[in-house]
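Please arrange chain B on chain A, whose structure you already have, making use of the hints.
Just so you know, the sequences run in chain order A and B.
Just so we're aligned: 279 in this note's numbering is position 279 of the first sequence, and the numbers increase by one with no gaps anywhere.
Whatever position you read off the second sequence (first residue = 1), add 1000 for this note's numbering.
Calculated from the structure, these hints are not laboratory results.
A quick note: this is a predicted structure, and the numbers were derived from the prediction, not measured.
Any given hint might turn out to be false.
To be clear about the criterion: a stretch of chain A counts as covered by chain B if any three or more of its residues have a C-beta under 8 angstroms from a C-beta of chain B, and this derived list gives those stretches [claimed, not checked]:
| id | stretch |
| --- | --- |
| 1 | 101-109 |
| 2 | 124-135 |
| 3 | 243-252 |
| 4 | 323-337 |
| 5 | 357-363 |
FRET-style restraints, in silico, Cβ to Cβ [stated by the list, open to error]:
| id | chain 1 | residue 1 | chain 2 | residue 2 | range |
| --- | --- | --- | --- | --- | --- |
| 6 | A | Ser411 | B | Pro1378 | 46 to 56 angstroms |
| 7 | A | Glu78 | B | Trp1208 | 35 to 45 angstroms |
| 8 | B | Ser1201 | A | Thr62 | 46 to 56 angstroms |
| 9 | A | Lys163 | B | Asp1024 | 24 to 34 angstroms |
Positions of the beta carbon are idealized from the N, C-alpha and C atoms, including for glycine.
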Amino acid sequence: MTVQVLIKPNTYFDSVSLMSLSTKANQVEGVEQAIIAMGTEMNKGVIRNVGLMTPEVEEAKTSDLMIVVKAATDELCENAFVSINELLTKKNTSSSKSEVKYSTISSAAQSIPEANLAVISVNGAYAAREAKKALENDLHVMLFSDNVSIEEEIELKKFAHEKGLLMMGPDCGTAIIGNVGLAFANAVRKGNIGIVGASGTGSQEMSVRIHEFGGGISQLIGTGGRDLSEEVGGIMMLDGIRALENDDATKVIVLVSKPPAPSVEEKILAQIKQCSKPVVVWFIGGNEEKVTEAGGHFAKMSKEGALKAVLLTGADESKINKKALNIPLVNEVRAKLTSEQKYIRGLFCGGTLCDEAMYAAMEKFDNVYSNIQKNPEYHLKDINVSQEHTFIDFGDDDFTQGKPHPMIDPSARIERFKQEAKDPSVGVIVMDFVLGFGSHEDPVGVMLPAMIEAKQLAEQEGRHLEILGYILGTDLDQQNYQEQIDKLVAAGVTHASSSQNAGLLAREFVVKGE
Amino acid sequence: MSKINELFTSKIHAINVGIEFFKDDILKQDASATHLDWTPPGGGKPELIAALDKLESPSVLEKIEEANKLAVERIINSQPVLIGFDQAINCVPGMTKTTILHAGPPITFDKMSGPMKGAVTGALVFEGLASDIEEAYEVAASGAITFAPCHEHNCVGSMAGVTSASMYMHIVENKTYGNIAYTNLSEQMAKILRMGANDQSVIDRLNWMRDVLGPILRDAMKLNTNGIDLRLMLAQALHMGDECHNRNVAGTTLLIQALTPYILETDFTTEQKRQVFDFVASSDYFSGPTWMALSKCALDAAHGIENSTIVTTMARNGVEFGIRVSGMAGNTWFTGPAQKVVGPMFAGYKPEDSGLDIGDSAITETYGIGGFAMATAPAIVALVGGTVDEAIGFSTKMKEITTTENPNVTIPLLNFMGIATGIDVRKVTQTGIMPVINTAIAHKDPGIGMIGAGITYPPVEAFEKALLALSENIN
Chain A
1 MTVQVLIKPN
11 TYFDSVSLMS
21 LSTKANQVEG
31 VEQAIIAMGT
41 EMNKGVIRNV
51 GLMTPEVEEA
61 KTSDLMIVVK
71 AATDELCENA
81 FVSINELLTK
91 KNTSSSKSEV
101 KYSTISSAAQ
111 SIPEANLAVI
121 SVNGAYAARE
131 AKKALENDLH
141 VMLFSDNVSI
151 EEEIELKKFA
161 HEKGLLMMGP
171 DCGTAIIGNV
181 GLAFANAVRK
191 GNIGIVGASG
201 TGSQEMSVRI
211 HEFGGGISQL
221 IGTGGRDLSE
231 EVGGIMMLDG
241 IRALENDDAT
251 KVIVLVSKPP
261 APSVEEKILA
271 QIKQCSKPVV
281 VWFIGGNEEK
291 VTEAGGHFAK
301 MSKEGALKAV
311 LLTGADESKI
321 NKKALNIPLV
331 NEVRAKLTSE
341 QKYIRGLFCG
351 GTLCDEAMYA
361 AMEKFDNVYS
371 NIQKNPEYHL
381 KDINVSQEHT
391 FIDFGDDDFT
401 QGKPHPMIDP
411 SARIERFKQE
421 AKDPSVGVIV
431 MDFVLGFGSH
441 EDPVGVMLPA
451 MIEAKQLAEQ
461 EGRHLEILGY
471 ILGTDLDQQN
481 YQEQIDKLVA
491 AGVTHASSSQ
501 NAGLLAREFV
511 VKGE
Chain B
1001 MSKINELFTS
1011 KIHAINVGIE
1021 FFKDDILKQD
1031 ASATHLDWTP
1041 PGGGKPELIA
1051 ALDKLESPSV
1061 LEKIEEANKL
1071 AVERIINSQP
1081 VLIGFDQAIN
1091 CVPGMTKTTI
1101 LHAGPPITFD
1111 KMSGPMKGAV
1121 TGALVFEGLA
1131 SDIEEAYEVA
1141 ASGAITFAPC
1151 HEHNCVGSMA
1161 GVTSASMYMH
1171 IVENKTYGNI
1181 AYTNLSEQMA
1191 KILRMGANDQ
1201 SVIDRLNWMR
1211 DVLGPILRDA
1221 MKLNTNGIDL
1231 RLMLAQALHM
1241 GDECHNRNVA
1251 GTTLLIQALT
1261 PYILETDFTT
1271 EQKRQVFDFV
1281 ASSDYFSGPT
1291 WMALSKCALD
1301 AAHGIENSTI
1311 VTTMARNGVE
1321 FGIRVSGMAG
1331 NTWFTGPAQK
1341 VVGPMFAGYK
1351 PEDSGLDIGD
1361 SAITETYGIG
1371 GFAMATAPAI
1381 VALVGGTVDE
1391 AIGFSTKMKE
1401 ITTTENPNVT
1411 IPLLNFMGIA
1421 TGIDVRKVTQ
1431 TGIMPVINTA
1441 IAHKDPGIGM
1451 IGAGITYPPV
1461 EAFEKALLAL
1471 SENIN
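Just chain A, same shape as in the assembly (with noise of 0.2 angstroms):
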């Protein structure tokens, strides 16, 4: 065992520097004991103590460096020393921006006052307090966390009216506001269409339909699906109409939900007979009687709804290219399909996309089953097992308890998927693919192989297998919207080009003897 020393006149390191340093040096391969000091009587103590103690300490000034390595032999104490000079030059590169961080929307608020929004997506447990916070700092609320209680969702939604503030849900998917798409939103043009969504999926179908016609959206404000429940009210929805009413930029207005309570209704109708300027309703399975009685504009079907928006803005008719359904399409596919071929099986993401089709079927068909069905009769008894036409929605809490949204996390639609492809009474299978922020960023890609794979083994089996995508996206999504379409089309599954057409292209397939 050696001791060796190396004194460095007049250099100094703050002695908090040198405890680092020493605590690196002691880790030095081969090293026994290290120690990096200043030649303070302190520091010769601390060596004396540890044994340690040379002439050359003892000799060393109070403004040398002293480093003092034992090991087992010279050479090791050489490389040591050769170790712990580049640790005294080396300089801490690290050198990322000093960012503030917010721990609270309270801290935050107060600290930017440009915040104007609060978009909180923590577990539904702690969700209403944070949309509580927000609001007492006076920023507008997108709530997306479900599993809020409706309790709390009343009172967040009655304070925020007091207040003159949004509050978007809970459970709200989407919304745009000055041109900001947020969550799970499509990239559509700024324009003078303002939409009050109470469904995710069916505000973005809205959007994207009405930026495929032409036109644009002003605002797309989301009330989460409990709003037009009689409990809550329709206070957002509400709030909501009367805020696009008096925004100079939106010259129409849609509504989009499930048909509402029969009070909330009411309430909608008789703001909607008021309102200023002209009011599109699809209310999906809607009455159409009611709105047209209250001045309102009824659209049994997202596309139609959107149309009917954009030709009231005043756009020329002759212009739009209204992708009507293909009926020699139909013919064709209906000609493959055996006659044991007759049921449909919707696999979709987006819980109002899945509804239209379903809707649509259900104009046909009276044995519609789904996870989402409202009469119990029609409830599936087995979700995981399909009875005749059956349509799933994968974003419903059946399927997301613990797992990320299928928008997100494909796995369970393509598990699914392969089961209905092997099932020889299925006739059609109908699939949504979501573009836009927050979702998958490939989600034909992610299907692809399972859908490949299905057509080869039906085809081997000797039957055709009718596969139906629809992609609800605009030519703006981050995601390349052409490269999906035709991702779908060179596998060989037919395109549908809206979720209305998806809908009725699924139903009209599998119809008998009209």
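Just chain B now, kept in the frame of chain A:
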């Protein structure tokens, strides 16, 4: 125009809480977004969330805000002035010849940590209450000695904080509110009583401090009838690169500069005065206790304000970490286990050798310096992991759990931001952000001393208990 319509025409600046990529998507659209560093309030514990909610009901909230405003006003407006030095027996309230004060919340001798036992037994020998360390253990356990926290006698004590009757104390008077705080003198060096060392060299130094240093300082300050404005000096020291807990180079220089003319005028010999100057120069830490007494003096003035959730004490006895809160008057302590201190160590020592967090010095962080003012002391960033940005980060982060900034004590590097002042129990439990503390590390065994320095945090339990008590207490 309604607020909603205002929003439609404004540039969006979103505060994003939860899923981080929502922020990224907003930024992609040329809007602004700030992502929160969020954790579930109260660690997600339902009883704590209920307590937080209760404390936020409008009528209660109003009371608390008013009380806290008063509390931080008193902290900020306090003007602690060093008015003298004297032996504890002559000035500390309740001091007796057989009293031993110690750091942190109350603790009995048998439960004390190694360094504190080392210090207690050393002090008993120093006071002549035991002839050697061995006997001192018997005396300490005999029941003949009164143990009490420094904090319960208007004192603070660094590390073990052991304070006995004949030790000389700083006397710091709050010129605004009249209260007085005390702390003993720095022993300098590493192998010292407060770090748990107790051999003859330690006792010899204590004797010299009692016989020479203390009397000289006492007599010097008798000549300085104005006293020394410590807050002014602290502010200056911060501007000179100290954070006044682990870096005291500037503060010590300023303090001895202020004392020197009076020391020179005392009746002691030149040799004795020379010894004093050499002693002060032997370690930068000389003024460390002074800033503790200043902090204690200001915070005591803010203690006992009904409904206040402001922390007025953070202190550790080597076993437990205790806090006191303004709204819980008197000596109500909320405790949790003392934590490890992580940081660089003297050569030859390993993390396993470390005693747990100890000392009343966290009073400096309670006031807003030390770890809270890390951004003033880039020279010692090695303590906190190495980069200046990290040091700055500590200072700004502490604003998240405090009530206001102290305009009298500022941080140049942060645009002269005042130090973060008034730790709020509600904010700590709400955010899960713990106050950061710069501190020294004592060896876990008695008789050895200081072996390193680093940073540590209080145990969350102390704040949780305080929150629950406050929510029961404030109606």
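Note whether the CB distance of A/Glu78 and B/Trp1208 lies within 35 to 45 angstroms or breaks it. 44 angstroms, holds
Can the suggested window of 46 to 56 angstroms be confirmed for the beta-carbon pair B/Ser1201 and A/Thr62? 21 angstroms, violated
Claimed coverage, the stretch 101-109 of chain A by chain B - three or more beta carbons nearer than 8 angstroms: Three-residue rule met by the stretch 101-109 of chain A, so holds; n is 8.
Using the C-beta atoms of A/Lys163 and B/Asp1024, is the stated range 24 to 34 angstroms upheld? 29 angstroms, holds
Check the following: the C-beta atoms of A/Ser411 and B/Pro1378 are separated by a distance inside 46 to 56 angstroms. 49 angstroms, holds
Under a C-beta cut-off of less than 8 angstroms, do 3 or more residues of the stretch 124-135 of chain A approach chain B closely enough to confirm the stated coverage? holds (count 5)
Claimed coverage, the stretch 323-337 of chain A by chain B - three or more beta carbons nearer than 8 angstroms: Violated - the stretch 323-337 of chain A has 0 residues with a Cβ nearer than 8 angstroms to chain B, which falls short of three.
Outcome, coverage of the stretch 357-363 of chain A by chain B - at least 3 residues whose beta-carbon is closer than 8 angstroms to one in that chain: violated (count 0)
Counting residues of the stretch 243-252 of chain A whose CB is closer than 8 angstroms to a CB in chain B, do you get three or more? holds (count 4)
Violated hints, listed in ascending order, are 4, 5 and 8; each of the other numbered hints is respected by the structure.
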